[in-house]
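Given next are the chains, with one letter for each unit.
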Amino acid sequence: MKATFAVLVSNDICNAVRSLVWEIHQKYGTTMKASHLPPHISVRPPVDVPDIADFDTYMDELVRGLRPFPVHLTNLRVMPAMVDGRDSALLWMEVKETPVLRQLHDRINEDFAARFARPRADFGGHPYQFHLTLMFGGQPLSVYQRIYEEYAGRLSEMYCMAGELAMLVYDGQNHPNPDQMTYKVLPFGGRGPGEADSSASQNLTMV
Amino acid sequence: MKAAFALLVDADVQNLVRAVVWEIHRKYRTNIDVARLPQHVSLKQPFEITALGPVEQYMSELAASVPPVELHLTHLETVPARIENVDSAILWMDVEQTAALQALHARLNDELATRFVNTAADYDGATYHFHLTLMIGGQPLTIYQKIHAEYAHRLADLRADARQLAMFIYDERDSLNATYMLYRILPLAGAQ
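Chains as they are written, first to last, in my numbering: chain A, 1 to 207; chain B, 1001 to 1192.
Simulated from the structure, these hints should not be mistaken for lab results. A couple of the hints might just be wrong.
[Claimed, not checked] A partial selection of chain A residues facing chain B, derived with a Cβ cut-off under 10 angstroms: (1) Met1; (2) Thr4; (3) Cys14; (4) Asn15; (5) Met32; (6) Pro38; (7) Asp54; (8) Asp56; (9) Thr57; (10) Met82; (11) Asp84; (12) Ile108; (13) Ala113; (14) His131; (15) Glu164; (16) Tyr183.
Computed from a prediction, not measured in an experiment: that's the story for all the values here. Cβ atoms here follow ideal geometry from the backbone N, Cα and C, with glycine treated the same way.
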């Protein structure tokens, strides 16, 4: 079992992303596996988690110290990748790196190393690149390049205030297509018993 | 292509439900395919659509006119079902069938039928049963009955604050492997 944390984006950005994902899927027959999770910005790759309860407790502590921060999604990008043994790609939106995101990444890396397991070497430190994945695989790289040419102008320069952290879990027993789901969502700053859920009021700005 | 509208439950209830879903999946190797959608209470089962734009427009009008809804999730229930040719089940939380929910279901049926064609869906009408699904299939009915016996006390009598409306879409070109996803979320009236 693996798990990681991700910053959730506003509903407006989710809606814009999903509209494009669906359009591309309908036209090019790509996959929607990435849509099994809400559009998100992972703060680091998943790590092995022997006991989910410890991870759960750590998340409660982590969000208490977080405050909403701005996120800037700059442009679409195609990243060549082997997916299911095939030369394919990921289509993602690049996220502008900010000191807040980098600090969050570094802190989680350090905490993971201290509490859970040795972080994987790949992407575990610099230069981890923050991104929001739209889709991966299902078509060869050449099709992804066509998709990029056609849609690069559709999603760019989106902004929101991030205010929620998600814990994503992956069941490695079904490798290489692990079952995955959103396990928990908490607002930055935490929430005590009986306090209102703020998930409906994600602040958003798009230009 | 099909679409469906659903009320999303608040994050606290979603977190409680997902913890149980994950625990059951890890222990009994059920599946978590339905967890690709956020935890929700469907207002009507998926119905045919020919274009997304008009349905999105309708969704905007609907969300702007429906205030937040309190949902009472009463208990876990195992519903026997034939899934991929296996006698299996659906595990869901039963939702208190209130007059407000039934009116919302009836309103959706009426308004969709007025605006679009062929919008009838399975279980439409006065007997529509509101529920929140945890998982479907992956194990035989007997395992689901065991799961129910073990977990019924873990999820009961929950109050959820539904403040968002979701639209799900389903690509049924390949009916055996229908793909579906969360397409859009809007706040209900006054829930900003």
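Okay, the hints, checked on the actual structure:
1. Met1: holds, 7 angstroms
2. Thr4: violated, 14 angstroms
3. Cys14: Where the cut-off is 10 angstroms and the nearest Cβ of chain B is about 6 angstroms from Cys14(A), the hint holds.
4. Asn15: holds, 5 angstroms
5. Met32: holds, 5 angstroms
6. Pro38: With a minimum Cβ separation of about 7 angstroms from chain B (threshold 10 angstroms), the hint on Pro38(A) holds.
7. Asp54: With a minimum Cβ separation of about 14 angstroms from chain B (threshold 10 angstroms), the hint on Asp54(A) is violated.
8. Asp56: Since chain B brings a Cβ to about 8 angstroms from Asp56(A), closer than 10 angstroms, the hint holds.
9. Thr57: violated, 13 angstroms
10. Met82: violated, 22 angstroms
11. Asp84: Because about 15 angstroms separates Asp84(A) from the closest Cβ in chain B, which is outside the 10 angstroms limit, the hint is violated.
12. Ile108: violated, 20 angstroms
13. Ala113: violated, 24 angstroms
14. His131: violated, 19 angstroms
15. Glu164: With a minimum Cβ separation of about 8 angstroms from chain B (threshold 10 angstroms), the hint on Glu164(A) holds.
16. Tyr183: holds, 5 angstroms
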